[in-house]
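S.K.: Guided by the hints, dock chain B onto chain A, whose structure is given.
The chain contents come next:
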Amino acid sequence: METLFLLAFWTVPIVLGYVFGRMAEARHYRSIIAREKNFVHLPATSLRTLLGNGPVARSELVTGSVVIAVDHFKKAASTLRALVGGPVKSYETLLDRAKREAVLRLKESCPGAHEIVNVRLETMPIAGSQPRQVTGVEVLAYGTAIYYVEQSAVA
Amino acid sequence: MILSYENTAMLITNIETIPGQTITICHGVVSGSSVRSKHVGRDIMAGLKNMVGGELRGYTELLEESRAQATERMKAQATQMGANAIVNVRFATSSVAAGAAEIYVYGTAVTVG
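From first to last, the protein sequence lines are chains A and B.
So the first sequence is numbered by the numbering used here: it starts at 1 and just counts up by one.
So the second sequence is numbered by the numbering used here: it starts at 1 and just counts up by one.
So here's chain A without its partners, still in its complex pose (with noise of 0.2 Å):
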């Protein structure tokens, strides 16, 4: 009885962070690469200098943060590929979702502008309550807005 009451402790938050983690991921995905498309017109640079040549009109800072949860399935995979080594492919996913994420709500922060130049992107492990445990990551974009002056009001 022990043992089974045991083994469903260890196996039930796998479990479901397998069924409803893979569920999440293909949600978000499909989200990203949906919102991805809508912004094409907004290009995102890690440069300093400025890809259009116009007078600005206005620059801004502008920020973009996402936490993205780390599910126990993850924990599970990545603790098992630490005992052979390689790529861990269950934190490269949940690295690259957290990343595009930040990206695109520094994206919609500011809808308007023509251009975001030398953007940055910081990733931070977010501790949980028990020691060398890790509930999450978190990804901060931020880069510099940039409104050129529109070529009507030049004109």
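Hint data in this document are derived by calculation from the structure and do not stem from the laboratory.
A portion of the hints provided could be inaccurate.
[Said to hold, decoys possible] Residues from chain A that face chain B, not an exhaustive set, calculated with beta carbons under 7 Å: (1) P13; (2) F20; (3) G21; (4) A24; (5) R48; (6) V56; (7) S59; (8) L61; (9) V67; (10) I68; (11) M124; (12) I126; (13) G136; (14) T144.
[Unchecked claim] So the derived list for chain A, only partly shown, Cβ under 7 Å to chain B, looks like this: (15) L16; (16) V66; (17) A69; (18) D71; (19) N118; (20) A127; (21) T135.
For glycine and all other residues, C-beta sits at the position ideal for the given N, C-alpha and C.
M.R.: Relative to chain A, chain B alone:
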């Protein structure tokens, strides 16, 4: 004590210049920091979210508030120096202790004209 300078217009960028304007005076480095811890309710919600995956919205908001406060403190310092813009701004974060995070923001206070 932190004075409120929220109504002051301060130009902030993370590139070396304010495009279209010239830097006339450089005042030096300004910074602002904010240390916040998450509360138990959010921790419990996060525990549930760890079962199913997805975004930890409570933490996202918490860190955003914290970053806004750090930026506000940096702006207050720049205003005290007589600057009207902050260039080359950087954000940094560190986990000070379990359950608390420090948000640090720094840049160079300048006067543009």
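S.K.: The structure should be examined with respect to each hint, and the outcome stated for every one.
M.R.: Quick rundown of the hints versus the structure:
1. P13: holds (6 Å)
2. F20: This hint holds: A/F20 lies near chain B, its Cβ roughly 4 Å from the closest one there, short of 7 Å.
3. G21: At 3 Å from the nearest chain B Cβ, A/G21 passes the 7 Å test, so the hint holds.
4. A24: Result: holds, 4 Å to nearest chain B Cβ.
5. R48: holds (5 Å)
6. V56: This interface hint holds because 4 Å falls under the 7 Å limit.
7. S59: holds (5 Å)
8. L61: holds (4 Å)
9. V67: holds (4 Å)
10. I68: Interface hint status for A/I68: holds (6 Å vs cutoff 7 Å).
11. M124: At about 5 Å, which falls below the 7 Å cut-off, the nearest Cβ of chain B leaves the hint on A/M124 intact, so it holds.
12. I126: With Cβ-Cβ at 6 Å, under 7 Å, it holds.
13. G136: holds (5 Å)
14. T144: holds (4 Å)
15. L16: The hint holds - A/L16 has a Cβ within 7 Å of chain B, the shortest such distance being about 5 Å.
16. V66: Where the cut-off is 7 Å and the nearest Cβ of chain B is about 6 Å from A/V66, the hint holds.
17. A69: holds (4 Å)
18. D71: holds (4 Å)
19. N118: Interface hint status for A/N118: holds (5 Å vs cutoff 7 Å).
20. A127: holds (5 Å)
21. T135: holds (5 Å)
Figure legend: structure checked against the earlier numbered hints; every hint is met.
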